[in-house]
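These protein sequence lines are chains A and B, in that order. With the first letter of the first sequence counted as 1, position 166 gets the number 166 in our numbering; the numbers rise by one all the way through. If you count the second sequence from 1, you need to add 1000 to reach our numbering.
Hints are computed from structural coordinates only; laboratory data are not their basis. This one's a predicted model, so the numbers in the text were calculated from it and none came from an experiment. There could be a bad hint or two in this list.
DSSO-like mimics (lysine-lysine), calculated; alpha carbons at most 30 Å apart, straight line [unchecked claim]:
| no. | chain 1 | residue 1 | chain 2 | residue 2 |
| --- | --- | --- | --- | --- |
| 1 | B | Lys1036 | B | Lys1250 |
| 2 | B | Lys1025 | B | Lys1064 |
| 3 | B | Lys1073 | A | Lys241 |
| 4 | A | Lys241 | B | Lys1025 |
| 5 | B | Lys1090 | A | Lys331 |
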Amino acid sequence: MRRLGIFLICCAILIIAVVLSLNLGNFRIPVAQVFRIMSAKLCNTAMPEIERYQDVVLLSLRLPRIIMVLLIGASLGISGAVSQGIFRNPLVSPFILGISSGASFGAGVAMIFFSGLPFMVDLGAAIGGFGAVLAAFLIARSPGGFTPRLSLVLSGVIVSSFFTSMVGILKYLADSESQLPALTFWMMGSFASVDWASLNPVIYIIPLCMLPMVIFSWYLNILSLGDREAMLLGMNVERWKMFFIALVVIAIGSGVARCGVIGWVGLVIPHIARAICGPNHRDVVPLSAFLGAIFLLIADNLARSATSGEIPVGIVTAIIGTPFFVYFLRKREVALWN
Amino acid sequence: MELNRMAICLEDLHFSYISDQPVLKGINLSIKVGEKVAVLGRNGAGKTTLFSILSGINHDYQGKVTLAGRELKQMSRSEIAQQVALVPQKHEPLFPYLTRDFIMMGRFCSMGLFGSPGSEDLRIVEEAAIETGAARFLDRPYSTLSGGEMQLVLIARALAQQSEILVLDEPNTHLDYRNRFLVLDMVRKLAEARQMTLVMSLHDPNDVIQFAERVVVMHDGRIVADGRPVEVIDEALLAEYFGIRAVAMKNAAGNLIFKAVEAL
C-alpha cells in the first residue's frame, strides 16, 4: 500500500513538474494554452488560436528538452543507487567514480576525430566510461581483493581529474573556431541544444538500461552485503557486478554524449530515496529514477529561467548537491569511512 | 532419509593462499547426513579456510570435495548455497535493512533468474524467524540489533536457504555468557528438528562436549584427532595442540568438564 502511495505521489509530482516546465521560460505559455496545444497535437485536431511560435516553442523546443531532462535525470538517479549498492558504498556515484569524466573524454575524442560518423560520440562515451570505472576500481583494490570505501572515493577523484585534464588537452587540440565553443559548452552539462533529433539514441538506450536495473534491483541487496557473503548466499558476484556496471556505464555514457557531465544527482538522490522508502533496493532503485527525473527537471527549469540567459544545468545541480553532501558527511561521519 | 548417506566427503584436500605456504595439508574427512560435528583448533589451524572451501568461496584447492555425492567444483554457486549454508562470525551492516528483508536474502539461491521474493519465500522467512526467536524483531533494522540478536538473524538467514548442511564459523565468539549457551543450544535443537548436518568451529572444549556428538581436532592444516568428544578430548590433547594445562573433572551431573589452569 505504502509502495503504491509513494508511486502515485511521484507520478503526480512528475506530471505537475512537466506541465510547469512547459509553461516556464523566457517565452511564457499559459498552462491552459499548454493543454490546448498538447491535446490538439495528440488528437490531431486543428491547432487552437495561438500566438505566433507558441506551438513551435512548445513542441519543438520545450517538449524534447523535457523528455531529455527526464531521461537523463532518471538515469543519473538510478545509476547512483545501483553504484552505491554494488560498491557497498553510499559515498559513490557515477560522477565520483569517474565514469562521467571518462565518458566525456571518450565522447570528446569522438567529437574531434570521428565527427563524421553516426553514434561515434555515444560509443566513445561508453568506452571512456568503462575505462574510468575499471581504473578507479583497480587503483582502490588492495592485494587481498578488498576495496576500502574511502580508497574507492579517492581513486575515483584521481581518475576523474586525470580524464578532466585529458579533456583539457582535447580542448587545446580542438579547432577554436568550430569545435572549441561546442566542446566547452557541452562539457559544462547543458540541455540548451536539445531537439527531437538529439533524442536518438538516448530515448532507447536509457530505458533499455533502466529496465533490467529495476527488474534485478533485489539482487543489489545481496551484492551490498559484500562479495564474500553474496557468494555464500549463492550469487555469482563477478558476473552480476559486471552486469550492473555495464548498464550504468552505457546509461551514463549515452547521456554524457548528448548533454555533457552533470554531477551530484547520482550521489544525492539515492540518499533521499532511502530516507523516503528505507534501504531495500527493490524500492530505492525505481524511486531514485523518479526522484532523479524530478530533481533534474527542477534544476533545468532554474537553469533556463533564473536569469535572462541560461546557466549550464551542471552548475545548478552542483550548487544544490554540494551542501547536501556536506550535510550527509557531518551527519553520518566516521562510521562510513572505515 | 538414508541414514548412512554422506553429506560431506573430503579426500586428500590441500590448499594454500600463497604457494609454498600450505594452509591445509591433506585433509580426509567424511561427515554423515545428520551428524553434529565440532571442529576444534587454535587460530590459524585452517578451520576458516576449510569452511570457505566447503561453502564454495575458495575454489582453487587440490583434492576432492563432494557434497551429497556431487563434486563441488562442478556445482554452481546457487547449487552450493542450496546444499551448504554458512553462518559467518559477524556481519558488518552498511545499509540498515529490516531484519525481515535481511533474512529474505537467504532465499536468493532458490530463486530463478527473474526471481524476486514471493509469498512462499515470506512464509519460509517467518518460519525461520520463529524457530530462531528472531520473530520479535522482524520489523526492526538489522543494524539496531544487539550482538546476540544479530547472530540469531544470521542463523535464521542460513535456515531460509533450506540447505541440508549448516556450517557455523565460531558462532558464539562475539556473544555474552548467556547468548553463548542460547545460540549453541538452539542450533543443536534446530539441527535435530530439521535433520540437518551441523558443522561448527568452536573454541571451548566444554562447548564441544556439551553440544557436539563428534569432534574433529585440527592442528597446522591437518586433522590430528577425530571421534566422540568425551573420548578424544583429554588433558594430553589440550596440552599438545592448544598449549594449555587443563584439568579434567566431573560436574555435579556427572559430565566431563575441563578447567584451564595455565598456559604452557
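Evaluated hints:
no., hint, result
1, Lys1036(B) x Lys1250(B), "holds (23 Å)"
2, Lys1025(B) x Lys1064(B), "holds (13 Å)"
3, Lys1073(B) x Lys241(A), "holds (22 Å)"
4, Lys241(A) x Lys1025(B), "violated (34 Å)"
5, Lys1090(B) x Lys331(A), "holds (25 Å)"
Checked against the numbered hints above, the structure violates only hint 4.
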